[in-house]
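Enquirer: Sequence:
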Amino acid sequence: MIEKYLRAVGMFRDYSNSEQDPAFSQILELDLSTVVPSLSGPKRPHDRVSVSDMKTDFSQCLQNKVGFKGFQIPADKHGASAPFSYEGKDYTLKHGSVVISAITSCTNTSNPSVMLGAGLLAKKACERGLSVAPYIKTSLSPGSGVVTYYLKESGVIPYLEQLGFCPHTASDTDPNFHLVGYGCMTCIGNSGPLPEAVTTAVEQADLVAVGVLSGNRNFEGRINPHTRANYLTSPPLCIAYAIAGTVLIDFEKEPLGVDSSGSPVFLKDIWPTRAELQEVERQYVVPAMFRDTYSKITESNSSWNELEAPDSQLYPWDPKSTYIKSPPFFDGMTQDPPAVRDVEKAAVLLNLGDSVTTDHISPAGSISRTSPAARYLSSRGMTPREFNSYGARRGNDSVMARGTFANIRLVNKFMSKPGPKTLHFPSGESMDVFDAAERYRSEGRPLIVLAGKDYGSGSSRDWAAKGPWMLGVKAVVAESFERIHRSNLVGMGILPLQFTDGATTETLRLTGKEFYSVQVPPQLKPGQLLTVKTDSGVSVEVRCRIDTDVELTYYQHGGILNYMVRKMSK
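Under our numbering, think of the first position of the sequence shown as 1, with each following residue one higher.
Calculated from the structure, these hints are not laboratory results. Keep in mind the model is a prediction, meaning the values are calculated, not measured. Idealized CB from N, CA, C, for every residue including glycine. Please note: incorrect hints may appear among the correct ones.
To be verified - Ranges between beta-carbon positions, derived for each pair:
id, residue 1, residue 2, range
1, E279, S131, 24 to 32 Å
2, S81, T273, 31 to 39 Å
3, S81, T507, 40 to 48 Å
4, Q278, G67, 38 to 46 Å
5, R7, S295, 52 to 60 Å
Claimed, not checked - Calculated pairs, PhoX-like style, for lysine-lysine (alpha carbon to alpha carbon, straight line, at most 25 Å):
id, residue 1, residue 2
6, K65, K55
7, K453, K69
8, K65, K421
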């Protein structure tokens, strides 16, 4: 049928017997010899490091100035170590020590080749007597029930369990007793706390501890507060680095450990061959596996099935709930959109640099006990064990507003060290970002954020736009924006403004201590040039990054949510 259609519309081509090669608009060549096993890190997914260069690259990162590829550890501290005891044995942590190894993420744990490859590698490692130190937090969260099926049927789960990747979580009658669970785990920041002995050692020696995971994202502060370096890699390499206990290893030249006879065991000795892997896949990755698993999907979670759902047309908000709360997005909304207003004498809430990610803006990980969000939850009767994570609390705007810019790795030029702090102006007092925003609100002062290149990179996170809106941010002035986040800002009624002609806060000698005004014309057009004026006399031309007429409509309504409500009410 498809061929008949293509022939009828003149689009069918058969090159099998043609003397002429197909004509392509562009031809890309790839030298397969250049494709090598790699990791990404230590702070961004797009910073690739080949496995063979890992030891050298990490050593260089220790020396480099603070940045995406640097920690600026003083030369006399490169050899720092921290001895500690755990479960009756003595261990030592150093820079580069692995403390988290997680086979995680919905994508990489749905690939039979790498998952079975990890299982076979674990089997060979166990047979050679290798093990993973018990203080390393290991976990395996499959991408689906199908993964559990073929891991179990192929017989590799006992070996993964022996290395600590499949801890028992229930009785042996539970078919999923080996697994930590399904869904968003370490990749989104749900690693859970590390052993206290480990965190104490890391803090006391100020170590750059490492997390290795098969996830998609490794932005600063996302994985765990105590892993300053986090590397994305394949499930088999997660196991390899866990066995080694450090990323400061050259797998080509250095062994993972020694076997019972004292012989060194290299990674190449336990890496499964392609033939071995293909045979296991042929036997256990079969159609029946998918049919059997998916036929039981509605029966797989009795707790979910037993939940009582309200049948009313309007959601019955529970005032006692700390998870789901009626948001303030429509408070004070009128039937007709108000006129667009200028931004007048705004204070700079934060003065940021390049590649500020949505994880910096709205972290999804654990809630610090000393944070504004923790204080709020404590006031609602919650104990620290019940705080959970920002990701779990995203239905509560009071938590999420307090969690905005609460990333412990946030670099604010106002402050001498990273963290969720800022200065209030003109007082110059240091305080939590949320507390500063509340103080500005009480003073009736709007806010802006200054930033460098690629503001809003990373995951597309709606709260990275909602959160700043709740803090009172009216505009973000940056050198450039990540595409989706820029659109999300407009969708919340926040004005994205971009420096022109290569200008930066440094070239313009803007300290961020000034107060800023932006005149927004009633007949604003997409991409229009606007002028930002400061009380210090500096005048800056910026481009309005409302890029389309539709986005302009959203902005004029105060955001897409208000626009949709007004549209539905007509």
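Enquirer: Decide, hint by hint, whether the structure agrees.
Expert: Status of each hint after checking the structure:
1. Checked against the hint of 24 to 32 Å, the pair E279 and S131 passes, with Cβ atoms roughly 27 Å apart.
2. One distance hint, 31 to 39 Å for the beta-carbon pair S81 and T273, holds here, with the actual separation near 38 Å.
3. At roughly 43 Å, the beta-carbon separation of S81 and T507 lies within the given 40 to 48 Å, and the hint holds.
4. Separated by about 43 Å at the C-beta atoms, Q278 and G67 satisfy the suggested range of 38 to 46 Å.
5. A hinted range of 52 to 60 Å for the beta carbons of R7 and S295 is inconsistent with their spacing of about 40 Å.
6. Distance restraint check for K65 and K55: the Cα-Cα separation of roughly 18 Å lies within the 25 Å cut-off, and the hinted pair is therefore satisfied.
7. Taken as a hint, the K453 and K69 pair is honoured in the structure, with Cα atoms around 16 Å apart against an allowance of 25 Å.
8. Annotation: proposed proximity of K65 to K421 holds, straight-line Cα distance about 21 Å (limit 25 Å).
Hint violations for this structure: number 5 only, all remaining hints satisfied.
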